[in-house]
Amino acid sequence: MPAAEKSRDNSGNDNGRHARTGHRDRMSDTSGWGRFRRSEAATGLSLISLPGAYVIFLLAVPLFTVLLTSFYTDGTNDAGVKAVLPILTGENYAEVWTSPIYRALMLRSLGISMSVTLATVILAYPVAYYVSFYVAPSKKSLWLFLITIPFWTSYIIRVFLWKVVLGYNGVFSSLLTETGILAEPISFLTNGGVAITITLAHAYAPFAILPIFVALEKIDRSYLEAGQDLGETKWTTFLRVTLPLSMAGVIAAAMIVFIPTVGDYVTPDLMGGGKYPMIANAMEIQMLKLRHQALGSALAVSAMGIVAVVTVVFLLCNRRFLRGSSR
Amino acid sequence: MKSLQAKSLLLPIYAVAYLIFLYAPILLLPVFAFNDSVILSFPLGGFTAKWFGVMWQDEQLWNALKNSLIVALATAAFATVLGLLAARATTRFRFPGKGGMLGLIMLPLVLPEMILAMSLLVVFLGIGLNMSILTVILGHVLFTTPLAVAILSSAFQSLDKSLEEAAYDLGETPASTFRLIILPLVMPGIVSSFLICFTVSLDEFIIAYFLSGTDTMLSAYIYGQFRFPANVPKVMALGTILVLLSICLLALAEYTRRRGIARTGGKSSGGFL
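If you're matching them up, the sequences are chains C and L in order. Once you know that position 207 of the first sequence is 207 in this note's numbering, the rest is easy, because the numbers rise by one and skip nothing. Once you know that position 64 of the second sequence is 64 in this note's numbering, the rest is easy, because the numbers rise by one and skip nothing.
Honestly, the hints are just simulated from the structure, not real lab data. Don't take every hint at face value.
[Stated by the list, open to error] With the Cβ distance kept under 7 Å, some of the chain C side facing chain L (calculated, not the full set): (1) W152; (2) F160; (3) R221; (4) S222; (5) A226; (6) D229.
[As the list claims (entries may be wrong)] If you only want the chain L side, here are some residues facing chain C, beta carbon under 7 Å, derived: (7) Y23; (8) I26; (9) L27; (10) P30; (11) T199; (12) S219.
[Stated by the list, open to error] Residues of chain L clear of chain C, computed beta-carbon distances all greater than 10 Å: (13) L19; (14) D36; (15) G45; (16) G83; (17) A86; (18) T90; (19) R92; (20) K98; (21) S119; (22) V122; (23) T145; (24) L180; (25) P184; (26) I206; (27) F226; (28) R259.
Glycine is no exception: its CB is placed at the ideal position from the N, C-alpha and C atoms.
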């Protein structure tokens with residue numbers, strides 16, 4: 001029996017069994033509602049409705065609430081308790097954008113985030129390149145697994161361990177003084193920025209390696225042979241073929257590292273000991289300690305806005321690498 | 001010739017050095033956990049296992065661990081169910097608003113955790129919800145669902161659509177086809193999603209710290225201990241155990257995921273993310 005006839009036979013006999021293969025039983029449907037109910041779109045929508053409702057109520061609504069709260073006023077309610085009063089105002093933003101403290105914190109957060117991103121991507125690229133081009137295919141998964149394991153161990157403990165390594169008389173310093181390389185113990189923590197950058201570059205390493213690795217894996221190896229057949233050296237082939245073709249991965253890696261590190265809370269808190277705060281620490285102080293929800297929300301919205309602008313500018317600057325790379 | 005060889009060695013040496021950089025802090029955990037001194041520096045004191053005993057007798061720790069285990073189990077279960085629905089819907093069906101919906105579901109992956117925690121806090125306080133284990137679960141499900149969707153999408157993508165069609169032709173209903181054909185084939189993805197969400201929830205700090213109220217979570221407990229230098233070796237002992245546990249869980253997750261891909265006839269490529 002030809003396939004087409006068979007499928008029509010089936011849809012005639014056991015109507016309803018094909019609810020998931022909408023294109024087949026369209027013939028047996030009469031009403032428009034029935035057709036919709038059996039269609040692909042209806043099944044898809046009904047499946048997505050639960051996770052969709054969850055993110056709408058617990059992500060979209062809260063984000064919108066933060067946006068709204070940022071225009072409200074911090075004050076005290078009738079019972080004398082600190083609360084957000086629904087009086088519309090632009091004062092929170094005025095304070096966030098004119099205060100030299102918040103400007104300094106925002107600039108520091110952006111500066112640290114950018115140096116972390118740069119350091120992480122530059123350090124990660126050769127590793128991704130090595131795993132993609134030199135490691136035997138059967139060993140690649142093992143390498144990726146080894147790279148991701150440290151990332152799955154408690155973040156707070158890892159940050160704290162960096163403090164132990166870098167601190168005054170810490171592991172690094174005591175090893176150097178014990179072996180006689182250094183006469184006096186040193187501390188990296190006196191410069192909060194450096195300590196925070198090292199710790200974050202370590203924490204986000206796998207996030208940078210994986211997208212670059214994926215982009216490198218997609219490169220057709222015959223392009224490289226073609227480059228060398230046309231007289232390029234290994235180095236110029238890398239610069240003119242491999243690097244541009246892997247830029248989509250590099251850009252993805254940069255964004256994956258940049259966006260969350262701007263809002264990092266734990267590392268500046270533990271490494272800087274409260275003396276080297278970033279923007280997220282200021283948000284925590286406003287939200288939890290001082291209970292200034294409106295001001296805290298304005299800080300959060302401003303920070304997200306700045307991150308979004310930086311990200312968009314970064315993407316626009318690199319758009320020639322992203323065009324046509326979506327394979 | 002010799003210089004060429006030296007050049008080709010440079011990259012592997014760098015890669016190994018990088019791995020050492022990645023593992024260095026974690027390798028210090030057991031060193032200080034068995035070190036007979038409250039000061040974490042070299043030269044080390046004598047060998048001792050007493051910190052594990054101190055850890056074992058800490059009531060607060062057990063309480064925090066209990067809270068975190070409840071949260072992690074609930075989170076893993078809910079996130080995997082939501083991930084299963086979303087992954088199935090987006091890999092198999094076309095429907096209006098699919099891109100936007102998937103984008104919203106995956107958004108927590110790129111939002112700073114602080115923003116997630118803050119926005120949930122504002123809403124929960126606004127509707128008068130008391131902070132407890134429940135609010136942490138709500139936050140963690142939001143945070144881990146994108147991971148579940150990513151893992152399960154790859155499981156569904158490697159699924160051959162003709163297997164499902166064959167089941168329909170043999171007279172199975174959509175429900176029985178899902179139960180008999182699709183579920184067993186994506187089961188390794190489900191297991192791996194569950195384990196990953198569990199591990200991430202157990203480790204997560206910001207949401208757990210903002211939304212837990214008086215129910216202390218394990219990560220917040222650890223954070224609090226760092227304020228008291230005398231308690232730090234105990235945390236090193238705890239950290240050693242946690243690292244071993246997460247490596248076991250991850251190895252298990254990776255093993256089941258690979259087996260699942262092999263079973264559906266696909267090729268393993270890459271790791272979790």
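Hint-by-hint comparison with the structure:
1. W152: Hint holds; W152/C Cβ to chain L Cβ min 5 Å, cut 7 Å.
2. F160: holds (6 Å)
3. R221: violated (16 Å)
4. S222: Violated, because the Cβ-Cβ distance from S222/C to chain L comes to roughly 20 Å (cut-off 7 Å).
5. A226: Violated: closest Cβ of chain L sits about 22 Å from A226/C, beyond 7 Å.
6. D229: violated (20 Å)
7. Y23: This interface hint holds because 6 Å falls under the 7 Å limit.
8. I26: holds (5 Å)
9. L27: Check failed: Cβ of L27/L comes no nearer than 9 Å to chain C, outside 7 Å.
10. P30: For P30/L, the interface hint is violated, since the closest Cβ of chain C sits about 12 Å away, which is over 7 Å.
11. T199: This hint holds: T199/L lies near chain C, its Cβ roughly 6 Å from the closest one there, short of 7 Å.
12. S219: It holds, given that the least Cβ distance between S219/L and chain C is near 6 Å, below 7 Å.
13. L19: The claim breaks: L19/L does not keep its Cβ more than 10 Å from every Cβ of chain C (closest is about 6 Å).
14. D36: Check passes; 16 Å lies beyond 10 Å.
15. G45: Non-interface label stands for G45/L: nearest chain C Cβ at 13 Å, farther than 10 Å.
16. G83: The claim is violated: G83/L sits with its nearest Cβ about 7 Å from chain C, within 10 Å.
17. A86: A86/L is in fact no farther than 10 Å from some Cβ atom of chain C, at 4 Å.
18. T90: T90/L is in fact no farther than 10 Å from some Cβ atom of chain C, at 7 Å.
19. R92: violated (8 Å)
20. K98: violated (7 Å)
21. S119: Its Cβ does come within 10 Å of chain C, the nearest being 4 Å, so this is violated.
22. V122: Incorrect as stated: the minimum Cβ-Cβ distance to chain C is 5 Å, not above 10 Å.
23. T145: violated (7 Å)
24. L180: holds (14 Å)
25. P184: It holds; P184/L is separated from chain C by about 17 Å at its closest Cβ, greater than 10 Å.
26. I206: Violated, since 6 Å does not exceed 10 Å.
27. F226: Given that some Cβ of chain C is not farther than 10 Å from that of F226/L, nearest at about 6 Å, it is violated.
28. R259: holds (13 Å)
Checked against the numbered hints above, the structure breaks hints 3, 4, 5, 6, 9, 10, 13, 16, 17, 18, 19, 20, 21, 22, 23, 26, 27 and satisfies the rest.
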